[in-house]
Each structure stands twice: as structure tokens, then as C-alpha cells.
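S.K.: Residue numbers (my numbering), protein chains in the order written: chain Y, 90 to 217; chain F, 18 to 393.
Mixed in with the good hints there might be a few duds.
Stated by the list, open to error - Here are the simulated lysine-lysine pairs, BS3-like style, with alpha carbons at most 25 Å apart: (1) 362/F to 332/F; (2) 148/F to 125/Y; (3) 332/F to 125/Y; (4) 148/F to 132/F; (5) 153/F to 99/F; (6) 98/F to 153/F; (7) 190/F to 209/Y; (8) 313/F to 332/F; (9) 190/F to 200/Y; (10) 159/Y to 209/Y; (11) 274/F to 313/F; (12) 362/F to 312/F; (13) 362/F to 263/F; (14) 108/Y to 179/F; (15) 361/F to 297/F; (16) 159/Y to 108/Y; (17) 200/Y to 216/F; (18) 110/Y to 362/F; (19) 216/F to 108/Y; (20) 108/Y to 190/F; (21) 110/Y to 190/F; (22) 108/Y to 161/Y; (23) 159/Y to 92/Y; (24) 179/F to 200/Y; (25) 230/F to 263/F; (26) 190/F to 153/F; (27) 334/F to 125/Y; (28) 209/Y to 125/Y; (29) 125/Y to 379/F.
Bear in mind the hints are in silico, worked out from the structure with no lab data behind them. Note that the coordinates shown come from a computational prediction; the quantities given were computed from them, not determined experimentally.
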Amino acid sequence: MKKTVLIVDDDMDYLFQMKIKVEQFGFETITADGQKEAEMIIETTRPDLAILDLMMENDDSGFILAYKIKRKYPDVPIIIATAVTAETGMTFDINSDENKQWIKADLFLDKGIRADQLLKEINKLLKI
Amino acid sequence: MAEYKILVVDDEPGIRMGTKRILQNYKVDYPFMDEHIEFIVLEAATGEEGIEIIDREMPDIILLDNKLPGIQGVEVLEYVKKKLYDIVVVMITSYASLELAVKATRDGAYDFIPKPFTPQELRGSIENITKQLFLKRMTQKMNKEGKLIRFQFLSVLSHELKAPINAIEGYVKMMNDRQFGDDMAAYQEMIDRMQERIKGMRSLIMDLLDLTKIESGKPVQHLESVNITGIAQISIDTMRPYSIQKDVDIYLNTKEKIMMDADPNEIEIIFNNLISNAVKYNRNGGRVDVFIESKKEAIVFQVSDSGIGMTDEEKAKLFQDFVRIKNQKTKNITGSGLGLSILKKIVDMYHGEIDVQSVPDKGTTFTITIPVNAQT
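Could you put the whole structure together from the sequences, leaning on the hints where they help?
M.R.: Printed below as a string of C-alpha cells:
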């Protein structure tokens, strides 16, 4: 059975482009245009993986959503796709133990990531 | 290179020496910190001695044992807190007194390190504390210099500028790869979206130019006697194509000339912002009403719409840079999020005031009052 990827982004163009990309990889997709809609979706649906934007309704919507998804489905891998790092020079080092405690994401990706890299990361997280 | 002073207060010489040895050649780096931090370790065997060193040396971090011969560790902690020293205090405790450590944390200790600790544990704790302290001081410094706001502004700005470029780039790539085969309608859709995003970028750039003009141009430069009603009319005419598209009627309810000493460009920016928002956040078939009134001591501009309105919470965020009210009703409305903060800066320059009345789903009224004699 095809795996389902939840994609959340408030930029409708990015959402559309990501959806096309992920569907070409051979996954089913569910999309939401913000934290609120995504929260409604996870009430009833368990995705196999989630790709979240960071800054949506609020600057930290992605973190909050990640936290809520992990609370309900601890095993669902979460990717936070952000453009913030490249712009501010600020890095959230998700791999440091300190940050792992509060950022409930498995991976941070830059929004400009190439399709083949994205697929590789998704497969790694889904253990395919 | 920066140096942080660490004071170890412990009556066991072994702990003091161990700490010194462990931290002697230890450095903390930060990914976006140009420098690294090294440590100087100071020692005190009693609380009394500790307080003396604190007053004299002003350490950055204190590692504090609670069970001391004279005064207890918590008393040293109280002293530091009472004096409001900017020092991070970490309690060193044996496992048996964890409860005390938790209490100390509540009383203002930053953390506690259980004893005995491995070099790795100590270094880990010190690393966290150092980063925390560094960030805190950096933030304080930037706040003082007004740089933090600028930093936030720039990071949001680059986000806002990059998002449309990313979107357009993505579409160009999809078209280049002929991702939809011969489906011309799909490509047309992409072209429309790209045009939309380019439009958004253009308006952001225009707003930014307005903002730079205002920020570099104070105090108000070209004061001349201008007819406010005339400027409002120009603004309405500029907005007309857009309002027709949205089926919104704009009424200028003031006919007579109202003169005021002002910079006509700035007054036009005020009206452009108010009227374009009133159209943008309106319902189809809605209306916008513009009033201008000359009172004895002030001139009042008012723009009311029959639009989607705002909650009080949304209203509170309105005049910040890049804030756009995001909810279901506004998700298809684009904007730079700079319009109202520009408006506010201009009105401030004229020592004016802005009042906003809004009822969700009924509409919003902006009233701007500019004192007549206190201009510039």
C-alpha cells in the first residue's frame, strides 16, 4: 500500500509544488494550508510522514504542530522544511541533544532542497 | 576570544581541583558565534569566601555546593539574587539531596549538577550554560542598541523576499521539465501563479522604498499647503481598477477643499494604504467611505469599510512590521505586511493619532487625527 505524506505550508505555491514532487515519488499526499487545518486532519488521520513549514500562522507554528503530531503519533517521522536558516544564518541544530528535547522534529531541511535529496531523506525516515 | 569566570564553591578540594582540570583547556563554540569562549576557574572553600570573591571578581557562572562549613550554598544563592547580579548559579549536589537542588532551582539556580560527575557531564552543563548566557547577553546588548528589531526586520524581510522567488523558481523548473506533458492548461495556471507572485514582490519592493524614504527622510521635508480632499480623490482613482474587480464602491463623502501643511507624497501614502486595505479586506459588493474633516485644532481622515473586520487580538498586532493577519478569511489576500507600519510611521511624524474600530464580519474604521499646529 502507498504511504501517506502530510504536507503543511501556508504558501499555496510551495504546497502545490511539494505535493507534486512527493506524489511523483510514489506517495499519497494530504495537504493543509496551516497549523489549524493540519490539526484537524491529524484528529482523524495518521500520516506515515509529515513535512511541515516553520513559519505559518505564527513564527513557530511548525514546532507546535510537530509537538502535537508527536504526542498523538510518536512514531510518525517529521521533517520541518524552512527557509529561515539560510536567511538569518541561524541554525537550529536538530541533531544536538539539547534541541532534541524541545524540537520534536526528526529532520530540518532547507526549502530549496533538490528532489533527489528529498526522496533520499524521506526514504531514510520511512526506512524504505 | 572571550573569557568567562567560573567560581567553584565547594569545601572538597578534590571537586575544586577536578573542575579546574576539566575546564582548563575547554572551549565552547557556537555555530553563528565568531568567537569561542574559554574559562577561568576561581575557587572558594566556604560560602563566606565565595561571597567575597563574587563581590570582587564578578564571576559569570558559579558552581555551588550546598553543604558548606559555614553558611550554606542556598544562602550564597540568595545573596546573588538579592544583589541582582547577572550570574548563572548552578548547584552541585549529591544525589541524596536532589530535593534540595530542585528547591534551589525554584529559588533561582539555573540548574544543578549531581555529584559525583564525569568530566563529560560537567563540560556538557557548562556548554549549555555558556550558550544560554551568551545569547542572553547578546540579546540585551542588541536590545540596548536597537539592533534586535533591525535583525528581526531583516530576517523577516529576507523570508518575504525569498518566498516568492522560491515559488517562481519551482514553477520554472516544473515547466522546464515539462512535468505536465502537453497539458497546456496546467502550465497556464503556473504562469498565472508566477505573475501573482511577481506582483506581490513588486508591491513589497514599493512598500520598502516608501519605508526607506520615511526612515531616511525625517523630519518631514517638503511641507506645502496641500488640498487633502484632492489627494484622497487621486488615491481613490488609483484604486478604482482594483475596486471594480472586487465589486466594491468607494465614496468620497467630503466635497470641499481641506487645506493642510504637509508633504503631499506622505498624505498620499496614508490614503493609498487605508483605501487599498479597505478594498482588499472587504466583501464582494461592499463599500468604502472616506471622510475628511477640518476641526479647529486638527484634521481628521476617516476610512470605513464593510469588510471582514478583526478581533481585538488581531487589532493589537496591526502596526508591527510584516504583520499580516492570517486566518481563513484572509488566506487568499496578498500583501507585504508593511503598509500599516509605514502608515503609523508617517502619522507619528505628524504627531498624529490612529484609532481603529473593528467588528468581525461587519467592518473596520480607521480614524487619523493630525494636529494642525504641532506639525513636523
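S.K.: All the hints need checking, so say for each whether the structure fits it.
M.R.: Structure-based check of each hint:
1. With a C-alpha separation of about 17 Å, the suggested pairing of residue 362/F with residue 332/F holds against the 25 Å cut-off.
2. At roughly 34 Å between alpha-carbon atoms, residue 148/F and residue 125/Y are farther apart than 25 Å, so this suggested pair is violated.
3. The suggested pairing of residue 332/F with residue 125/Y holds, with an alpha-carbon distance near 20 Å, which does not exceed 25 Å.
4. Proximity of residue 148/F to residue 132/F is assessed by CA-CA distance (about 23 Å); at most 25 Å being required, the pair is judged to hold.
5. For the given pair, residue 153/F sits about 20 Å from residue 99/F by alpha-carbon distance, which is consistent with the 25 Å threshold.
6. Between the alpha carbons of residue 98/F and residue 153/F the distance comes to roughly 17 Å, so the proposed pair stays at or under 25 Å and holds.
7. Our distance criterion of 25 Å between C-alpha atoms is met by residue 190/F and residue 209/Y, whose separation comes to about 20 Å.
8. The hinted pair formed by residue 313/F and residue 332/F fails the criterion: a straight-line CA distance of about 30 Å is larger than 25 Å.
9. A C-alpha spacing of about 15 Å is found between residue 190/F and residue 200/Y, which places the hinted pair at or below 25 Å, so the restraint holds.
10. Between residue 159/Y and residue 209/Y, the direct Cα distance comes to roughly 22 Å. Compliance with the 25 Å bound is thereby established for this hinted pair.
11. Between the alpha carbons of residue 274/F and residue 313/F the distance comes to roughly 15 Å, so the proposed pair stays at or under 25 Å and holds.
12. For the suggested pair residue 362/F and residue 312/F, the alpha carbons sit about 23 Å apart, so the restraint of at most 25 Å is met.
13. Using a Cα cut-off of 25 Å, the hinted pair residue 362/F and residue 263/F is violated, with the two alpha carbons roughly 29 Å apart.
14. A threshold of 25 Å between alpha carbons decides the hint, and for residue 108/Y with residue 179/F the separation of about 20 Å falls inside it, so the pair holds.
15. Restraint check: the Cα-Cα separation between residue 361/F and residue 297/F comes to about 19 Å, which is no more than 25 Å; the hinted pair holds.
16. Only pairs whose Cα atoms come within 25 Å are accepted, and residue 159/Y paired with residue 108/Y is accepted, the gap being roughly 22 Å.
17. With a CA separation close to 22 Å, the supplied pair residue 200/Y and residue 216/F stays within the 25 Å bound.
18. Between residue 110/Y and residue 362/F the CA atoms are separated by roughly 43 Å; this puts the pair beyond 25 Å, and the hint is violated.
19. Only pairs whose Cα atoms come within 25 Å are accepted, and residue 216/F paired with residue 108/Y is accepted, the gap being roughly 24 Å.
20. For the suggested pair residue 108/Y and residue 190/F, the alpha carbons sit about 15 Å apart, so the restraint of at most 25 Å is met.
21. Proximity of residue 110/Y to residue 190/F is assessed by CA-CA distance (about 11 Å); at most 25 Å being required, the pair is judged to hold.
22. A hinted pair counts as satisfied when its Cα atoms are at most 25 Å apart, and residue 108/Y with residue 161/Y qualifies at roughly 23 Å.
23. Between residue 159/Y and residue 92/Y the alpha-carbon distance is near 18 Å, which keeps this suggested pair within the 25 Å criterion.
24. At most 25 Å may separate the alpha-carbon atoms for a hinted pair to count; residue 179/F and residue 200/Y meet this at roughly 10 Å.
25. A hinted pair counts as satisfied when its Cα atoms are at most 25 Å apart, and residue 230/F with residue 263/F does not qualify at roughly 31 Å.
26. At roughly 43 Å between alpha-carbon atoms, residue 190/F and residue 153/F are farther apart than 25 Å, so this suggested pair is violated.
27. For the hint pairing residue 334/F with residue 125/Y, the CA-to-CA distance comes to about 19 Å; that is within 25 Å, so the pair holds.
28. Distance hint between residue 209/Y and residue 125/Y is unfulfilled; the C-alpha atoms sit about 29 Å from each other, more than 25 Å.
29. The straight-line distance between the Cα atoms of residue 125/Y and residue 379/F is roughly 24 Å, inside the 25 Å bound, and the hint therefore holds.
Taken one by one, the earlier hints fail for this structure at numbers 2, 8, 13, 18, 25, 26 and 28, listed in ascending order.
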